[in-house]
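Model the full assembly from the supplied sequences, consistent with the hints where possible.
Protein chains: 2
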Amino acid sequence: MDLRRLRYFVAVAEARSVGKAAERLRMAQPPLSVQIRKLEGEIGAPLFRRGTRGMDLTEAGQALLARASEALALAADGAEAARAVASGRRGRLSVGYMFVLANAVLPRLIPELRRSIPGVDLDFAELSASTREGRLLDRSVTVALCMPAIHHPEIQVARVGAQAFMLAMPIRSPLARLGAVPMAKLQGRPLIALPWPDHDPASSAVAALLRRHQIVMPIASRVETVHSAMSLVLAGEGLAILPACAQLGAPRGIVFRPLRDATDSIDIAVCWRRDSQSPLIRTFLKCAEKVVAPL
Amino acid sequence: MDLRRLRYFVAVAEARSVGKAAERLRMAQPPLSVQIRKLEGEIGAPLFRRGTRGMDLTEAGQALLARASEALALAADGAEAARAVASGRRGRLSVGYMFVLANAVLPRLIPELRRSIPGVDLDFAELSASTREGRLLDRSVTVALCMPAIHHPEIQVARVGAQAFMLAMPIRSPLARLGAVPMAKLQGRPLIALPWPDHDPASSAVAALLRRHQIVMPIASRVETVHSAMSLVLAGEGLAILPACAQLGAPRGIVFRPLRDATDSIDIAVCWRRDSQSPLIRTFLKCAEKVVAPL
DNA sequence: CATTGGCATACCGAAAACATATGGGTTGAC
DNA sequence: GTCAACCCATATGTTTTCGGTATGCCAATG
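From first to last, the protein sequence lines are chains A and B. The opening residue of the first sequence carries number 0 in numbering that gives the first Met the number 0; numbering runs sequentially from there. The opening residue of the second sequence carries number 0 in numbering that gives the first Met the number 0; numbering runs sequentially from there.
Keep in mind that the hints are not guaranteed to be accurate.
Lysine to any residue pairs mimicking SDA-like chemistry, simulated, CA-CA at most 20 angstroms apart [stated by the list, open to error]:
#	chain 1	residue 1	chain 2	residue 2
1	A	Lys-37	B	Asp-76
2	B	Lys-37	A	Leu-71
3	B	Lys-37	A	Ala-83
4	A	Lys-37	B	Ala-75
5	B	Lys-37	A	Glu-79
6	B	Lys-37	A	Asp-76
7	A	Lys-37	B	Glu-79
8	B	Lys-37	A	Asp-1
9	A	Lys-37	B	Arg-3
10	A	Lys-285	A	Ala-157
11	B	Lys-37	A	Arg-82
12	B	Lys-37	A	Lys-285
13	A	Lys-37	B	Asp-1
14	A	Lys-37	B	Ser-86
It is worth saying that the hints were derived from the structure and are not from the lab.
Structure follows, in structure tokens:
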């Protein structure tokens, strides 16, 4: 059962004539006649009544015609759908994001994405520091909006922006009265640290920042997320040095202050599998750059 | 876009491996690999990710897979449907019938047909003496249940039964008191004749019957249908010689009596286009024979 | 470093399809 | 009634495509 035969069959059925159909198919009449007879042989029954004025579908032919044209349309549609997905006009894009960025980025990123790739279904998944690599590698997310960037040989990274470090403290803290906190004021105060491993730029950036100013802050706790850090800060366990965007998700009672003399920042990055050839990644990257730049 | 390629594609997608799929398709691995690449060339995008452990669908491939398997199923279903129609397991049968036979035959014929060919849609159309040939020739009915049979070179006829002629008269007629009416009693009485042409066996049968008994009945009226004949008989315009089955549709006030010494009858026939190759005709004929025989 | 497993490529023989030429049957015109 | 026109079917040669065998390439594995 060949699709070409079905195409020929439909053409002959519509033209009600082998000759006319052959003309429309840009081929000679005899081979078309042969193909029709082969199809009839395959089916095991005549599909046309041959008259002196052309061909006319039998009942069996009518039964076949309906499904044959549907099958043709489906095949064409399948090819078109595959092309559309390959070109990025349609498809699905799984976006992973770290929760620190959710409040600052998603409200502007999502409308931008919907405008850029209206035919694409989007779905979003929150990533944690410990799962984000795995989710990219097993392709359960296609792109990840990360802070800080992922370092992995299989994963490609594009920096789309950065956030300055700020000091998070309880509103009742004496430091909160200052417009900007001098680094020297941090000396000896307990620090709520994030669990990012030492080779990771975020943790090393905070560590380097302190080291550069010759500040020592004892680590009061190590927590999993920026939100936990803020909870402990609110509880008076210590201070935290966090990216500025964390302010947007901060609970009441926490205030952020810039660190005077500290221009250090942490990158916002888009990450994806190096071997992923989805054209949506480039579009996503453009959107992310556009949306993150003003921050 | 060839259906074979789609079949191969689906096989590879399901087996997630060219080698396994080739085995299942009873062919060698290299040509299958070539076909897949040709399909990818046709689509213009890779459909599989080639890993060291086999093949894995890309998004584009997934988009194609859904429609490709549907298209395959539709094509197979189309072929099957055509075969089913050709073999008479499914399809449509348009049955024409003349109204004289409706009361006597249809109530038993229709259930019999539905039992014999449950997958076939039936539709029924009443035929008149003047349209029945045309309806068969233009295929708007496939078979016709006729009385009398049709004579036409393109139309094939199978006799399935016969009905004796009876005399139809008003219940108040003096003849109605007889159990059977001797032919001699008809001499000179007015006859309500049907318009069947002279070469037609029905009319000629009545004419021959009268001629054989040397009876002359002046023609009071010529009417189109058996029912009209009975109306005129009821109105006292004359007598009618009608097939026995017409009794079932006779209005109150009409009685039928057998004609003594007259064994003449008129055929009940199934008629169809000689070139119609529908297998349903044979089944229909069997049903009609079975149902008409006891009459 | 060799071996294994899996896909891709090269080449050849076989099968299928297409084009040209032609036959046969029916319709319609003169 | 004959002839021309029309349309589908058949026959034959050429070209395209497909499938099989042999082999190469690459990565993972031990």
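Item to check | Broken hints, by number | outcome: 12
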